[in-house]
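Undergrad: Protein chains in written order, with my numbering: chain A, 3 to 152; chain B, 68 to 1117.
Incorrect hints may appear among the rest.
[What the hints assert, rightly or not] Derived contacts from chain A toward chain B, CB cut-off under 10 Å, selection only:
{"#": "1", "residue": "T26"}
{"#": "2", "residue": "L27"}
{"#": "3", "residue": "A44"}
{"#": "4", "residue": "Q132"}
[As the list claims (entries may be wrong)] These stretches of chain A come out as covered by chain B in the derived footprint (C-beta under 8 Å, 3 or more residues):
{"#": "5", "region": "29 to 42"}
{"#": "6", "region": "52 to 65"}
Hints are computed from structural coordinates only; laboratory data are not their basis.
Everything numeric in this text was worked out from a predicted model, so none of it was measured.
Backbone N, C-alpha and C fix where the C-beta goes; we use that ideal spot for every residue, glycine too.
Each chain, letter by letter, is given below.
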Amino acid sequence: MISDNTSTLISTFYLGETIWGLDTLDAQEVIRVTEITKVHNAENYIIGIINLRGKIVTVIDLSDKLGLGQSVIGKASRIVIVEWNDEHIGLLIDAISDVIDIDKKNLTSAPAAMHGTRGGYIDSVYQADQKLIAILNIRSVLEVSEERRD
Amino acid sequence: MSVIDMNDETLLTYLEESREHLANIESNLLNIEESGADIDEDLVNTVFRAAHSIKGGAGFFDLSKIRDLGHKVENVLDMIRSREMIPTPEIINILLISFDKLKEMVNNPQFSNDEDIDEFVRALAGLTAETLPEEKKESVVGVVDIKLPDGRVIMQMNEFDYNQTVANNNYIYLVQYDLIKDLPGKETSTLDFYRNLVGIGTIEQTVTDFEAVGTLDDEILKTIPVYMLFSTVVKPDKINKLFELEESKITIIHEPPAAAVPETPVPVPVPPSVVETPIQVPPSVVEVPPVVAEVPSVDPPNPAPVRTAPKKTAAPEASSTLRVKVKLLEQLMTLAGELVLGRNELEESISQGDIKAITSGGQRISQVTSELQEAIMQTRMQDIGSILSKFPRVVRDLSRQLDKKMNLNIVGKEVELDKTLLEGLNDPLTHMIRNSVDHGIELPEARKLAGKNPVGTIDLRAYHEAGQVVIEIEDDGNGIDGDKIAAKAISKGLVSQNEVDSMSAKAKVELILLPGLSTAEQVTDVSGRGVGMDVVRSNLDKLGGTMEINSVMGKGSVFRIKLPLTLAIIPSLLVSVNSESFAIPQLNVEELIRIQPKDVKESIERLGTSEVLNLRGRLIPLVFLSDVLGIKSTYTDPETGEEMVDKRKQAIDRRAENKGEDDTIFDEVRGGQDRRYHAGSVLNIVIVSSGNISYGILVDTLHESMEIVVKPLGRHIKSCTEYAGATIMGDGSVALILDISGIASILKMSVVASTIQSQTLDEIEETKIGEDRQSFLLFRNSPDEHCAMPLELVGRVEHIESSSIQIVGGKRIMQYMGKGLPIIRLEDSAECNSIPDEDLAVIVFNGFGREIGLLAMRPVDFIEDEMLVDHTSLRQPGIMGSVIIDGNTTMILDVYEIVEKVYPDWTRDTTLTAPGASKANLPEGEKPLILVAEDSTFFRKQVVKYIEGMGATVIAGEDGEAAWKLLVDSERKVDLLVTDIEMPNLDGYGLVARVRADNKYADMPVIAVTSLAGDENMAKGKAVGINDYQVKLDKEMLLESIRKYLPVLV
């Protein structure tokens, strides 16, 4: 969630050609793509698990999760580690951009859909010079759908 | 008034000891209650001593409220001990809540002196007064002044307590000492001083003389005089050895009278006198019953304020410390020493560059490390009993409060769990137990109306299964109405009608786990607090546990919690498929098998769409790990990220294809299109087992076995039941740990799905609950004749040549393991085709006290399913009925009938009266009458036939209710009950519980027949009163057992 101060820091990154933002408070760290162990039979958008200093971290293909199609891991790809409900989760992104200091006045509420994804995943939209940055609602992105096994 | 120094080590020791004393009191009191007038002195003594030492210490530290309450409790216990009082539930109640209060105060000693304990003291005093002779009653509320020689009243002591002390032939001293001058100067520490005192006597009270302390204006505190009332058997001339004080500071308040001195209390001719003060309360108040009624009681009309609204006390700090056995600690020390030695050795070797020495040093450290690891893990393991043992009290209190009757049976207290898990488990379990008491078990009247034993039963079981800890809470209550829950979930907008429509009954019941759903129609203060099972579930989630609910309306519910291996370090076997590594817990690994390509045909047989391995006669289903996980077998180099993503996509695609795919080992091996195996490659099979299920997993490569640390998986992967967790390998990479039971359940579902296609969904739903699954061995008698026999009966299956069978005296026999194995054929008793001479197998089974072989045609398969058996159409000697399997009418053989036909003389010794009179001569009335309860017609008929065959009269009912009716209506005494466990309406446990509850049948032997003869079931059965367990259709054992338990015939 965006804090209540008038200005806030947003980490921006690319998924394909689109630019996205994440409250810096949500992002713990950004790491290079390391060896990912696949988890077969898991949801499509789960790439696998990695060893983050002894912790097992699930890595999610953010692009896929947002319905933008699967990411292709390239040289610029990174994994953003976020903490959610006492668990560390990795978000695969295509490239990291800047950390920008934004004025909350320039934030508008999320449209029903943007960049081809559900509005529910977007917390708000920041209007920068020429482009729109969609700021993620990380909780709704990471919410595990209640699936029943039988 | 008093100052409690929470840093005082002596005090801390006392508190710690008190907590220990208090820990077991509850269960001891409950046991005392149970024994009633038949008092177990040791037990009462244990509780008495606990109260005594708590009181004694409290006296020393001037914790007056703890002391007073402790003293009162002690008095009551003393009377129980001396059999002046019989521990009725009411008395135990008062003791329990008093100990609760003590516990609360011991946990918060700083505030204990401000606690209001009047209610408790009055209740306890009421108890003591009740049993006292009339003339002594007054003493209960009377007070005795304790005076110094100069007449100053230093303290007061309850008269009754005083008399008790006096009656024990103790000296009572009033000791004056100074905390500043007298104690620190001594060589002994305060703790030792305290220990000495408590060791030889009782500190009745201590009072600090604040008047003498002076005010803060005085320069420095020079003196803190303390008066201690101390009772002991030590004589005045010895007492000062203990205190080392000036004689004038010790005043003798009471001296035990020499041999024949009049009764107590008597002012003793010693200067400081004891003066009885007038009774402060008019004697009429001492009338006892009203006093007792004022007690915080748990009787329903007057819900106890103390019980139902326990004060939120600060959580005891118990969790911040851990008790470790000294032996274990010493072991840790030794290992730490070893580690240091190893390090030194290694450092030296490194500095010298001696590779050989470095290697050996490394080995040594590795060895020590693993031992150290094990020892440290052990320190964390604790008995689950520590949390389970509080539940009898919880259940007892709650059930009294709710006016219900029930028993709680706890099995598996010794199961060890990691401390962290144990702590996290406490709340969910408590909540669930409360739920079972509140919502599960019905009121006694309702139970009676439902034909149940008015006394409900809750079973709490803990056991290890497949490397997991399973905790089950089972009640025989009203069950959970899935439809009601579903309706509520819909009304709250948690699920949609459509979703509910497609749900199984079980899934509906499990909706109870959804957040925001509380089922109690009336919110009670017991378990309905707006939060419910969803909290339990989220707690379990944190521990990495899962929960499953099985409930049958009117019959009861089972809540099953499975806790995974989290936090544990487990030995595991590493395997790989397609260069991906997986770990299989060693616990699940039965054996490793490599099959050479040329042997594949011999060893592996086909069953429907899958394969089974014939392992020394056992048929073991096989599964490709790559299929289970949906791994595309083509090797892809995972160097670049691109390919990884691609591969994942394909893996999913492949999984989808796989549903209709019928790829088998045969196709692969024979067809040469094998993706997985090249010519000359062998099959690597890991035979795994979990619970009763065994199967084989085919992998590409078997690696070494190693110790791995189990790490939990994230929430997003939780739903993948094929994994138990993940681990980090030596090179930093991550490997998944396979969950053998999870994979089994995934596979089992698919087996069921493929074999019951012909049945409509409704039928499945109908048969799901209470219906027995039956396993059959499938084979043929001739190419067109499909046969089956119950798998339970089968010992082994052997492939044989027809030439190895000899005919001796008209009977077939085969040399087998150095003995002659009698061979029977279906055609020996039934009209059917002759068995050909080729592709023969012998099915070896036990019967009539020996091994017998049935000739069959290969291949031999097995099936496990719910079967509808037709008992009439194909019935003939040797064939008990028929069933349709995979579209073939399959005859179910009665092998015993065939044997009887071939060897008629063998059957005689199974009759009841053998070897004496023959059964035919017994008049009807002298035959024992045996009642059989069994829901499946197939099994019922078989069991009845067996038992009738042994010369007994049999009556049989199709479920527990029917059997109960037969039992009650029977004109003759029923001699023995044979019952199934899983039955609709009233199951075997329920039936037996009802039988046992009725005095008329209390002595009747009960034998349970079941297809699930696990240890936990047996334990449960024993608990309700089942004498013996037998596997269904194991005729010999069953009849043997009946003979053993049948009362001797007159």
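Undergrad: Would you list, in rising numerical order, the hints stated earlier that this structure does not obey?
TA: Structure breaks hints 1, 2 and 4.
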